[in-house]
Amino acid sequence: MDPAEWEYAAYQLGLRAVYVLVLLTLAWTLSSWAASVVRATLTRVKFDETLTLFLSTLMRWTILLLAALSCLSYFGVQTTSFAALIGAAGLAIGLAFQGTLSNFAAGAMLLIFRPYKVGDTVNVASYTGKVAEIELFTTAIDTSDNRRIIVPNSSIFGAVIENITYHAVRRADVNVGTGYADDIDQTRAVLEAAVRSVADVVATPAPEVILTDLGASSVNWQVRGWAKRESFGAAKQAIIRAVKLGLDEARISIPFPQLDLHLDPPGPE
Amino acid sequence: MDPAEWEYAAYQLGLRAVYVLVLLTLAWTLSSWAASVVRATLTRVKFDETLTLFLSTLMRWTILLLAALSCLSYFGVQTTSFAALIGAAGLAIGLAFQGTLSNFAAGAMLLIFRPYKVGDTVNVASYTGKVAEIELFTTAIDTSDNRRIIVPNSSIFGAVIENITYHAVRRADVNVGTGYADDIDQTRAVLEAAVRSVADVVATPAPEVILTDLGASSVNWQVRGWAKRESFGAAKQAIIRAVKLGLDEARISIPFPQLDLHLDPPGPE
Amino acid sequence: MDPAEWEYAAYQLGLRAVYVLVLLTLAWTLSSWAASVVRATLTRVKFDETLTLFLSTLMRWTILLLAALSCLSYFGVQTTSFAALIGAAGLAIGLAFQGTLSNFAAGAMLLIFRPYKVGDTVNVASYTGKVAEIELFTTAIDTSDNRRIIVPNSSIFGAVIENITYHAVRRADVNVGTGYADDIDQTRAVLEAAVRSVADVVATPAPEVILTDLGASSVNWQVRGWAKRESFGAAKQAIIRAVKLGLDEARISIPFPQLDLHLDPPGPE
Amino acid sequence: MDPAEWEYAAYQLGLRAVYVLVLLTLAWTLSSWAASVVRATLTRVKFDETLTLFLSTLMRWTILLLAALSCLSYFGVQTTSFAALIGAAGLAIGLAFQGTLSNFAAGAMLLIFRPYKVGDTVNVASYTGKVAEIELFTTAIDTSDNRRIIVPNSSIFGAVIENITYHAVRRADVNVGTGYADDIDQTRAVLEAAVRSVADVVATPAPEVILTDLGASSVNWQVRGWAKRESFGAAKQAIIRAVKLGLDEARISIPFPQLDLHLDPPGPE
Amino acid sequence: MDPAEWEYAAYQLGLRAVYVLVLLTLAWTLSSWAASVVRATLTRVKFDETLTLFLSTLMRWTILLLAALSCLSYFGVQTTSFAALIGAAGLAIGLAFQGTLSNFAAGAMLLIFRPYKVGDTVNVASYTGKVAEIELFTTAIDTSDNRRIIVPNSSIFGAVIENITYHAVRRADVNVGTGYADDIDQTRAVLEAAVRSVADVVATPAPEVILTDLGASSVNWQVRGWAKRESFGAAKQAIIRAVKLGLDEARISIPFPQLDLHLDPPGPE
Amino acid sequence: MDPAEWEYAAYQLGLRAVYVLVLLTLAWTLSSWAASVVRATLTRVKFDETLTLFLSTLMRWTILLLAALSCLSYFGVQTTSFAALIGAAGLAIGLAFQGTLSNFAAGAMLLIFRPYKVGDTVNVASYTGKVAEIELFTTAIDTSDNRRIIVPNSSIFGAVIENITYHAVRRADVNVGTGYADDIDQTRAVLEAAVRSVADVVATPAPEVILTDLGASSVNWQVRGWAKRESFGAAKQAIIRAVKLGLDEARISIPFPQLDLHLDPPGPE
Amino acid sequence: MDPAEWEYAAYQLGLRAVYVLVLLTLAWTLSSWAASVVRATLTRVKFDETLTLFLSTLMRWTILLLAALSCLSYFGVQTTSFAALIGAAGLAIGLAFQGTLSNFAAGAMLLIFRPYKVGDTVNVASYTGKVAEIELFTTAIDTSDNRRIIVPNSSIFGAVIENITYHAVRRADVNVGTGYADDIDQTRAVLEAAVRSVADVVATPAPEVILTDLGASSVNWQVRGWAKRESFGAAKQAIIRAVKLGLDEARISIPFPQLDLHLDPPGPE
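In order, the protein sequence lines correspond to chains A, B, C, D, E, F and G.
The number in the working numbering is simply the position in the first sequence, starting from 1, with 134 added.
The number in the working numbering is simply the position in the second sequence, starting from 1, with 134 added.
The number in the working numbering is simply the position in the third sequence, starting from 1, with 134 added.
The number in the working numbering is simply the position in the fourth sequence, starting from 1, with 134 added.
The number in the working numbering is simply the position in the fifth sequence, starting from 1, with 134 added.
The number in the working numbering is simply the position in the sixth sequence, starting from 1, with 134 added.
The number in the working numbering is simply the position in the seventh sequence, starting from 1, with 134 added.
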C-alpha cells in the first residue's frame, strides 16, 4: 500500500474521531439539560424525591448510552444486535413493572377525573372508609375503626368505585318481619307512622314502606327513610327504635323463627 | 488532504445543515398545526380539558422528536437502537395503560351501540341502579338508596348488561308455599283470582300461576303478574297482599317449616 | 462548487419533487377508492353506520399517512423510528381493543356456525332467555320476566352455550321423597301410573321413575316425563299434580324433615 | 441536463415498469392458483363453506397486497413502515382471534387424539351428556334431558375430560347409614348379601361394603357394586332397593337425624 | 441504449436465473432430507403418526417457502413485508397453540422428572385415581369407580401433584367424639388399646391418639394408625370397628348432637 | 487475478483483523470495568452476594458477546438472525422471570414509599402479623402465634395493604344482642355506662353504642370504645366484661337463639 | 461477456466458498467447545442428566444453524425472513415453556434466598408438611400422613410461604366456651391456673387467657400457651385436658348449643 492510501485511511479515522467527539459533547450537554428539565418538572408537581432523582439520572444515562451506540456505528459496527438487546431488556422491564405502571396510569386518571376527593366515604376493593390521601400509585383510606388501608390505584380505577357520600341525602333501610296473623294494612299504617315520626328523616323524598315477601316465619317488610348525609347513622338507629316501639304499641308481633312440629307420626315401624 | 477535498467535506456538511434546518422548520410548523387540529377536534366533541391539553402537547413533541431523530440520520448516525428504545417504551406504556385504554375502547362502543341511555335502570357489574352519566372511561350509576357507583366501561361492555327497564311491561313474581293438606286445584283457582284482582296487573300478557315443586315443608307456587314499567313496584306489593288475603279467606294454609319428631326411639342402649 | 454541481443537486431535488407529487396523487386516488369500497361493502352487509364512516375514514388516512412517510424516505430521512412508533401504537391499540375485537371475532363465528337462532331459548353466561337479536358485538336476550340482557359475543362463543329448545321433545324432572315405611315397589307403580296419566307426556321416549337414594328423611325418587317443547311447562306442572294426587290416593306419605329425639340422656353431671 | 441523461432516466423507469408488470402478472397467477388449491383442499376435508370461501379470498388478496408492496419498493419507496403496519395489524388480529384460534387448535388435537367419540357419555366443562357432534371449533353434547350443549373445544382439551363410558364395567356406589345400636358385623353381612343378590351386579370385580365413618347420627357405609355400562342405572336402583329391603328384614335401623335434648339445664338466672 | 447494455442486462438476468435454479434445487434436496430426518426421528420415539406426517410436511414446506422468498430478493424485491407477515402469522399461531404447546412442554417435564409412574394412585387436578397412561399432551387416570379421566399435562405439572402411594406405609385417621361426662384419661387408654388391637396396623411408626378439641356436642379425638400401602383401606375400616366396639365395651358414649332447651323463658309479652 | 488484487484482499483482511483486535481489547477492558462497577454498587447497597456475583458476571459476558457479534459483522456476516435469536431468548427469559422481576419492582416501590415499617402490625395477602423484615423480593411477617410468613412483594404492593397500627388510637367493637322484651332506651343507657366505665377506653373520640338491627332472636347492638394502640387487646376484653356485668346487673337478658313451636298443627291427614 | 468477466465471477464465487469453509469450520469447533462447556458446567452443579444432554446438543445445533444462515447471506440471500421465522418460533417456544421456565426461575430464587430448608414444616400452596427435597423445578413435601406432595416452585415463590417451625417456640391456642351464668373473673382464674399447670408450657412468653366474645350459646375464651417447637403437639393436648379438668373441678359449665322455646304462641289462626 502506498502512503496516499495510508494517509486516506488515517484521514478517515481522524474525521470519524472528530465526529465522535462532537457527538459525545453534544450528547453530554443534551443529557445534562434533559435531566435538569425532568428534575425541575417533577419537583414542580411535587413528585416523590427519590423517584425524581432516579428518573433524571435514568434520562441522562439513556441518552449517553444511545450516543455511545451511535459512535460505534461510525466505525462500521452493526448495532442490530444491540437494538435487539435493548428491545428485549425494555420488554422484560415493561413486563416486570407492568403492575406498578398500571397503578401510575390509574393514578393519573384518578387525578384527572376525580371520582372522589379526600374526605369522601367510599367503598373500593371491598373496603369501606374515608379517603385520607390520593397519591400517584396508591390511595390511602381510613376505616371507621381507624385501620389505615393502602389500595393500589389500579384496583380502584379498574374496578367499581362506590362513593357513598356523593349525594346530600341517603336512604336508610330497616328490615323487619311481622306475624302471619297480623293485619297487613294496619301493619303498613303503623310502620309508615313510625318512620315519619323520626326527626332526622327528611320529608322529600318521602319515606316508604315496602312489603317484600311472604317469608318462612314472617311477612317481611322494608322501612325506608331518607336522611341527610351527616345524620344518616342517627336516623337509621332512630327508625329501628321507632319501628320497634310502634309495633309493640300496636300489639303487632315480630315473630321468632317458627316451626310446626308433628309428634311421632306413623314411623318406619 | 488537498483543499478541494476539505471544500467538498464542508459542502457536504453545509448541505446537510440546510436540509436539517428545512426539516426542523417543517416539523415545527407541522407539529403546531397537528396540535391545534387535535385541540380543536377534541374540544368540539367536548373531551376532558386536561386530557385535550395533554394529547395535543404529546402530539407536538412526538413529531418534534421524530424530526430530531431523522436529522441525526442525516449525519450517519444509525437509529436502529433509537427505534428499539421507542418500540420498547411504547410497549411498556401500552401495557401500563392497557386497562385505561380498554375502558376508552369500551366507552366508544357504548356511545356507538347505546345498550342503555341515561335514566335507564340497569344491572351491571352486580350493581343495580339508574344510569346517571355515560362518560368515555366510566359510567356513573345511582343506586336506589343514593350511593354513586362509578363503573369502568370495560366492566360493562366486556360483561353482561342487564337493562331492566328496556321493555314497557315487566313481570312481577311472587313465591308462596301452601300446605300439603290443601287441595291443589282449589289453591290454583284462589291464586289466579288473587292476581287478577290487582288493579296494576295488565290483562295481556295474562297472569300465570305456576306449580313449581313439592317442597320439604310445603307445595310451592309462583304467582306471576305483568305490570307497566312505572307501576312494577306497586303491583308486586299488591300481588303479595292479594295472595295473602286470598289464601286466608279460602282457609288455605301458608305453612311454617315442618318437622316430624320421634321421641326416644330405640337408642344405642 | 461549480454550477454543474448545483445544477445536478437541483435536478435531483426536482426529480424527487416530481416523484413525490406523482406518489401523493396516486395515494390520494387510491385512498378515495379504498374508502369508497369499504363504505360500499359495509353498507351492503348492513354494518353500523357510525362504524362504517369511521372505518372508511381510517382507511383513507392510513393510506395517506403511509404515502407521506414514503415521501420522506425519498429525501433520505430514515423511517425506522417511524416504523417503531407505528408498531408500538398499533400494539397499544391492539391491546386496548383486544376485548372489543374478540367480541367481533366471536360474533363472526356465531354468524357462520349459528349455534342458535333468533327465538331459541338459550342459557348463556348464566342467563336464560329467548334470543332477541344477534349482532356483531353482542347478542340480546329477553328473560321470561322481560328484562333485556345484552351479552358480549365473546362470553357466548368462548363459553358453553346451552340451547334449551334445540330438540323437539324435552324431559321434565320432578323430585319427590316418600316415607321409609312405604313399600318401594308399590311406590314405583303409583309414580309410574301418575306420570303416564298426564296428557302432555308423550309415549316415546317412555317416562321413567328413578329411585335416586336413601335420604336423611325420605326415600328419594325422580319422576321423568318427556313432553313437546311447546307444552313443557304445562307438562311439568301436570306431573307434579298427578304425583301428589296419586301418592295421596295410595296413602303413601311425602314426609316432612324427620328428627329422632332423646330426652335428657346421661349428661355431663 | 442533456438528452442522454433524460433517456437514461426514462430507460430506468421503463425497465422498472416492465419488471412491475411481470411481477404483477406472476402474482395474479400465483394468487389464483393458491386460492384454488386452498379451496380444493378445504372442500376435500369438508370444511365449512363460508370459511373456505373466506380463506381462499384472503389468500388471494394477501398475495396481491404483498406483490403491490414489492412493486413500490422498485421505485425506491421504503416499506419498513408498511411492514410495521402489517405486523401491528397481524398482532391485533391475532389477539382478537386468540380465543377462536385456540378452539381450532384444541379441535385439531381432539380429532387427532380422540379422547372420546360420538356417542360416548362424557363430563366436560361441568356438563354431563352424550357426545352428539365433534366439530372443528366446538363439540355438541346432548344432556340426558335433551338440552343441546355447545362446548368450545378449548374448554375441553384445556381442561379435564371425564369419559364415563370408557370402560365396559362401572361401579355403582350407594351410601347408607345404620343405627349406633346395630351390630357392625351383622350389618356388613346383610349389606353384602343385599348387593350380591342384585342380578345386574357382576361377580368380577367383586362387590364391596365399606365402613366409611362414625357419623353424627349414624354409622355410615358405602355399598359398591359393579355393573355393565349399559345396565348401570338399573343396577344402582336395584342395589338401593336391595339394601333397603335387606336392612328392613334384618331389623337394622336406618336412623333419621338424631338429637340429644336437655330440658331447662341450669340457665343464666 | 446500445446493444452492450442490453447484453449486460440479459447477462445479469441470466446469471440470477442460474442462481435461482441452483438455490431451488438445493432447497428441494434439503427439504426432502430434513423431512425424512424428522419422520425417522419421531417414528423412532413412537410419536403419534398423524402428527409425525404433519410435522415432516410442515418442515418441507417451510424450507421451500423460505427458499422461494430468498429467490425473490435476487430480483430486487424487498422482503421486509413478507418477514412482517411471517412474524405476525407465527405470533398468531403461537398464541392459538399456546395451550396445546404448554401441555407438550409439561409432558416433556413429566417424562424427564417422572413424579409418578403408571399404576401410582395420585390426586391431580382434584381427581383421585390410578395413573393409566402418561402421554405427551395428557395423562389418563382411572378413578376407583372406573371413569376414565384425561388430564392435560399442564394442569398436572403446573399445579400440585399428590402422589398417594409414594411411601410404603400410610396413616389412617379416624375421627370420633366422646361425651363430656366421660373420663378423658380412660377414653385415651381405650382408644389406644383399640387401635393397637388391629392386625393391619404396623407397630412402627407407633399409632397415636390425639385430643383435638372441646367441640360443641362432644370431646373430639383423632385415632391414627399406620398401615402398609396395600392394606390401607382394610386397616382404616378395622380401626373404625375397633374404636366403636372398644368404646361400647368401656361404656364411653359417642354422643349425638346436643341441645340445651329452655321452655318458655320470659318472652316479649 | 494479479498480485495487486491479492495484495488488496490481504490488506483488507489485515485491516479488519486489526480492527477486531482493537475492538475486542476495548470490549474486554469495558466489560471488566462495568462488572466491577456493578459489583461495587450492589455491594454498597448490601445486595445479596450470590446475585451480585451473578449480575456482574452476566454484565461482563453480555458485553463480550455483543463485541464478538460486532466482529462477525466486519467480515460480512449478516447478524439479523443473531439479533432475532437474542430478541426471542430475551423475551423467553423475560416471560420466565416476569413473576420474580415483578416482586423486585414491587420491593423497590415498598422501599421508596414505605407503607409500613418493621414492627408494624399489618394485614397483607390475608395474613395478619408483625413485619419482621422487608427485603427486595419478599417481606417476612411473624403471626401472633409465631409462624414465619414470607409474602412475595408483588402480592403486597399489587393488593390492598392494611396497616393496623398506623394510627395511635383504634376502636374496639363488641357485638351483643338483648331481648325483645327489654326497654331500648334503658339498654342503651346501661351499655353506654358500661363502656365508659372501662379504664383503657379513652374519652376522645367518645365511645358509641349503635343499635344495629332487629335480629331473628334479639335486638342487636354494637358497643364501640376507642383505646390506645398498645392497650387495644386489654380494652376490648374489659368492654366485653363490663357489658356482660352491666346487663346482668340491670336484669337485661342476652337471649339464646329463639324458636316458636306449634305442636301438631292441622297436618296432611 | 469476455473471459475476464467470467474469471472474475468465478474468482468471486471461489473466494466466497473459501470464506464459507472457514466459517463452517470455525462454527463446528466453537459449537463443540460450547457444548462441552455447557455439559461440564451442568454436570458440576449436578443438573439432571437428560436435560444436560439436551441443552448441550441444543447449544451445538443453534450455533451450527446460525453459521449456516450466515453462509447463505454470503451468496446474497436476504435473511430477514429467516430472522422473522426464528423470532416467531422463539416466541412460540417461550410462550409454551413459560410455565416451566417460571418454575425454574422460582427454583433459582428458592436456592438463593432459602426461605425454608429440608426438614422444615411448611404450609405452601395450601398443603402442610415436612420439606423432603428442594429441586430446580419442584419442591417435594411429605404430609404428616405420608402422602408425597410435589409442588411447582412458582406456586411457592410466587405465593405466600408459611414456615411453621421457623421460630423455636410456638403458641398453642385452645378455644372453649363457658356458661352465661358462670362468673367471668372466676372463670379467668381457673383457665389461667389450668394453662400454667401444664409442664410443656414455657414461662416466657407468659400464657394468656383471652375473653373473645359473647357468643350465641356461651361466653367464649381462648387459652394461649407457648411451647417448644418439638413439644407443641403434646402441649396443646395437655392444655385441652387441663382446661376440661379445671372447669369440671370448679363446676363451671361448658354449655351445649342453647335454644329458648316458646310453645304454641299466638299463631295465624
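None of these hints come from the bench; they were simulated from the model.
We put the beta carbon where it would ideally sit given N, CA and C, even for glycine.
Among the hints, erroneous ones may be present.
To be verified - Listed below are the simulated BS3-like cross-link pairs for lysine-lysine, each with C-alpha atoms no more than 25 Å apart in a straight line: (1) C:Lys362 with D:Lys362; (2) B:Lys264 with A:Lys362; (3) E:Lys251 with E:Lys378; (4) C:Lys362 with B:Lys251; (5) F:Lys251 with A:Lys264.
What the hints assert, rightly or not - Here are the simulated distance ranges between beta carbons: (6) B:Trp140 with G:Trp167: 46 to 54 Å; (7) C:Arg248 with F:Phe188: 26 to 34 Å; (8) E:Gly367 with C:Asp317: 32 to 40 Å; (9) E:Thr346 with C:Arg248: 52 to 60 Å.
To be verified - Some chain F residues well away from chain G (every beta-carbon gap over 12 Å; in silico): (10) Thr175; (11) Ala302; (12) Ala327; (13) Ala384; (14) Leu395; (15) Leu397.
Hint check results:
| no. | hint | verdict |
| --- | --- | --- |
| 1 | C:Lys362 with D:Lys362 | 32 Å, violated |
| 2 | B:Lys264 with A:Lys362 | 20 Å, holds |
| 3 | E:Lys251 with E:Lys378 | 38 Å, violated |
| 4 | C:Lys362 with B:Lys251 | 40 Å, violated |
| 5 | F:Lys251 with A:Lys264 | 23 Å, holds |
| 6 | B:Trp140 with G:Trp167: 46 to 54 Å | 50 Å, holds |
| 7 | C:Arg248 with F:Phe188: 26 to 34 Å | 58 Å, violated |
| 8 | E:Gly367 with C:Asp317: 32 to 40 Å | 36 Å, holds |
| 9 | E:Thr346 with C:Arg248: 52 to 60 Å | 59 Å, holds |
| 10 | Thr175 | 19 Å, holds |
| 11 | Ala302 | 23 Å, holds |
| 12 | Ala327 | 17 Å, holds |
| 13 | Ala384 | 15 Å, holds |
| 14 | Leu395 | 5 Å, violated |
| 15 | Leu397 | 6 Å, violated |
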